[in-house]
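For the sequence shown, the residue numbers in mature numbering (1 follows the signal peptide of the UniProt record, and there is no 0) are -27 to -1, 1 to 147.
It is worth saying that the hints were derived from the structure and are not from the lab.
Keep in mind that the hints are not guaranteed to be accurate.
[To be verified] With a straight-line cut-off of 25 Å between C-alpha atoms, the simulated SDA-like cross-links for lysine to any residue are:
(1) LYS143 with VAL33
(2) LYS118 with PRO139
(3) LYS37 with VAL94
(4) LYS128 with GLY27
(5) LYS55 with ALA70
(6) LYS37 with ARG96
(7) LYS143 with SER84
(8) LYS118 with ALA89
(9) LYS128 with SER84
(10) LYS37 with THR93
(11) LYS55 with GLY27
(12) LYS55 with MET40
(13) LYS118 with THR59
(14) LYS55 with SER84
(15) LYS37 with GLY27
(16) LYS143 with ASN36
(17) LYS55 with GLY126
(18) LYS118 with ALA97
(19) LYS55 with GLY92
(20) LYS128 with GLY47
(21) LYS143 with GLY131
(22) LYS128 with ASP138
(23) LYS128 with ASP116
(24) LYS118 with LYS128
(25) LYS55 with ASP145
(26) LYS55 with ASP116
(27) LYS128 with MET60
(28) LYS37 with ASP87
(29) LYS143 with GLY85
(30) LYS118 with HIS99
(31) LYS118 with CYS67
(32) LYS143 with GLY126
(33) LYS143 with GLN90
(34) LYS128 with GLY83
(35) LYS37 with LEU101
(36) LYS118 with PRO58
(37) LYS128 with GLY78
(38) LYS55 with ALA129
(39) LYS118 with SER57
(40) LYS128 with GLY85
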Amino acid sequence: MRRVAWAATMLPALALAAACSSGGGSAKPAAPSPPASSAPAPSTSPPASPPSTGGTTVAVHSNKLGMILTDSQGRTLYLFEKDSPTMSACDGACASAWPPLTTTGAPQAGSGVDAAQLGTVTRADHSLEVTYHGHPLYYFSGDQKPGDTNGEGSKAFGAGWYVLDPSGSKIDND
């Protein structure tokens, strides 16, 4: 009878010990971790740009008037006959219709442009306007796309407006 009593007390103890050492019995196994990827995550930011010189680029493009001065996007540039090599005579309403080509650094010579002819003048608002061959340069608000020359030969704000050729001379088709 002693054996029965001993078995009766030891069996539950052994069962308890076995349950405790089995790793928790009802515990769920850990979720498998996703495999590590060797490919880099795609970037959502644009690639870094090369350092900028801050200078506006003047270039030469061909259109119906021949080879003309433009900005780097091909937008036509004009001279105003009332200007002097050291001063722009166009501000206020004039500058709204004929926005100046401004820069934050030394102007840059694009293809076909003589870098020695590039310069700047300080406008009344203290911005720097790009000059070429002594002429302050402007856009025309009536030009809608690159290559337009709608301002060519206009007479407005007291003088004529002309597209420039690569030598810096006006193109006069009057």
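Results for each hint:
1. Straight-line distance between C-alpha atoms of LYS143 and VAL33 comes to about 14 Å, which keeps the hinted pair within the 25 Å bound.
2. Pair hint LYS118 plus PRO139 holds up; C-alpha atoms about 20 Å apart against a cutoff of 25 Å.
3. Proximity of LYS37 to VAL94 is assessed by CA-CA distance (about 30 Å); at most 25 Å being required, the pair is judged violated.
4. For the given pair, LYS128 sits about 33 Å from GLY27 by alpha-carbon distance, which is inconsistent with the 25 Å threshold.
5. Between LYS55 and ALA70 the CA atoms are separated by roughly 15 Å; this keeps the pair inside 25 Å, and the hint holds.
6. For the proposed pair LYS37 and ARG96, the alpha carbon gap of about 32 Å is over 25 Å, so the pair is violated.
7. Note on LYS143 and SER84: the hinted pairing holds, with a Cα-Cα distance of about 19 Å set against a maximum of 25 Å.
8. Annotation: proposed proximity of LYS118 to ALA89 is violated, straight-line Cα distance about 28 Å (limit 25 Å).
9. In summary, the hint linking LYS128 to SER84 is not supported, as the alpha carbons are separated by about 30 Å, beyond the 25 Å threshold.
10. Under the criterion of a C-alpha separation no larger than 25 Å, the hint pairing LYS37 with THR93 is inconsistent with the structure, at around 28 Å.
11. Between LYS55 and GLY27 the CA atoms are separated by roughly 28 Å; this puts the pair beyond 25 Å, and the hint is violated.
12. With a C-alpha separation of about 24 Å, the suggested pairing of LYS55 with MET40 holds against the 25 Å cut-off.
13. For the given pair, LYS118 sits about 30 Å from THR59 by alpha-carbon distance, which is inconsistent with the 25 Å threshold.
14. With a C-alpha separation of about 28 Å, the suggested pair LYS55 and SER84 falls outside the 25 Å cut-off, and the hint is violated.
15. For the hint pairing LYS37 with GLY27, the CA-to-CA distance comes to about 31 Å; that exceeds 25 Å, so the pair is violated.
16. A threshold of 25 Å between alpha carbons decides the hint, and for LYS143 with ASN36 the separation of about 15 Å falls inside it, so the pair holds.
17. Under the criterion of a C-alpha separation no larger than 25 Å, the hint pairing LYS55 with GLY126 is consistent with the structure, at around 13 Å.
18. The suggested pairing of LYS118 with ALA97 is violated, with an alpha-carbon distance near 28 Å, which exceeds 25 Å.
19. Annotation: proposed proximity of LYS55 to GLY92 holds, straight-line Cα distance about 18 Å (limit 25 Å).
20. As the CA atoms of LYS128 and GLY47 are separated by approximately 23 Å, the hinted pair is consistent with the 25 Å bound.
21. Distance check on the hinted pair: LYS143 and GLY131 sit about 17 Å apart at the alpha-carbon level, within 25 Å; holds.
22. The straight-line distance between the Cα atoms of LYS128 and ASP138 is roughly 19 Å, inside the 25 Å bound, and the hint therefore holds.
23. Distance restraint check for LYS128 and ASP116: the Cα-Cα separation of roughly 16 Å lies within the 25 Å cut-off, and the hinted pair is therefore satisfied.
24. Simply put, LYS118 and LYS128 have alpha-carbon atoms about 21 Å apart, close enough for the 25 Å limit, and the pair holds.
25. Between LYS55 and ASP145, the direct Cα distance comes to roughly 16 Å. Compliance with the 25 Å bound is thereby established for this hinted pair.
26. This hinted pair checks out: LYS55 and ASP116 have alpha carbons roughly 21 Å apart, not beyond 25 Å.
27. In summary, the hint linking LYS128 to MET60 is supported, as the alpha carbons are separated by about 19 Å, within the 25 Å threshold.
28. Between LYS37 and ASP87 the alpha-carbon distance is near 22 Å, which keeps this suggested pair within the 25 Å criterion.
29. At most 25 Å may separate the alpha-carbon atoms for a hinted pair to count; LYS143 and GLY85 meet this at roughly 16 Å.
30. Between LYS118 and HIS99, the direct Cα distance comes to roughly 28 Å. Violation of the 25 Å bound is thereby established for this hinted pair.
31. Taking the CA atoms of LYS118 and CYS67, the gap is about 20 Å. The hint holds against a cut of 25 Å.
32. The suggested pairing of LYS143 with GLY126 holds, with an alpha-carbon distance near 10 Å, which does not exceed 25 Å.
33. Taking the CA atoms of LYS143 and GLN90, the gap is near 14 Å; set against the 25 Å cutoff, the hint holds.
34. The suggested pairing of LYS128 with GLY83 is violated, with an alpha-carbon distance near 29 Å, which exceeds 25 Å.
35. Distance hint between LYS37 and LEU101 is unfulfilled; the C-alpha atoms sit about 30 Å from each other, more than 25 Å.
36. At roughly 28 Å between alpha-carbon atoms, LYS118 and PRO58 are farther apart than 25 Å, so this suggested pair is violated.
37. In summary, the hint linking LYS128 to GLY78 is not supported, as the alpha carbons are separated by about 31 Å, beyond the 25 Å threshold.
38. Restraint check for LYS55 and ALA129: the C-alpha separation of about 10 Å stays at or below 25 Å, so the hint holds.
39. Straight-line distance between C-alpha atoms of LYS118 and SER57 comes to about 28 Å, which puts the hinted pair past the 25 Å bound.
40. Using a Cα cut-off of 25 Å, the hinted pair LYS128 and GLY85 is violated, with the two alpha carbons roughly 28 Å apart.
Checked against the numbered hints above, the structure breaks hints 3, 4, 6, 8, 9, 10, 11, 13, 14, 15, 18, 30, 34, 35, 36, 37, 39 and 40 and satisfies the rest.
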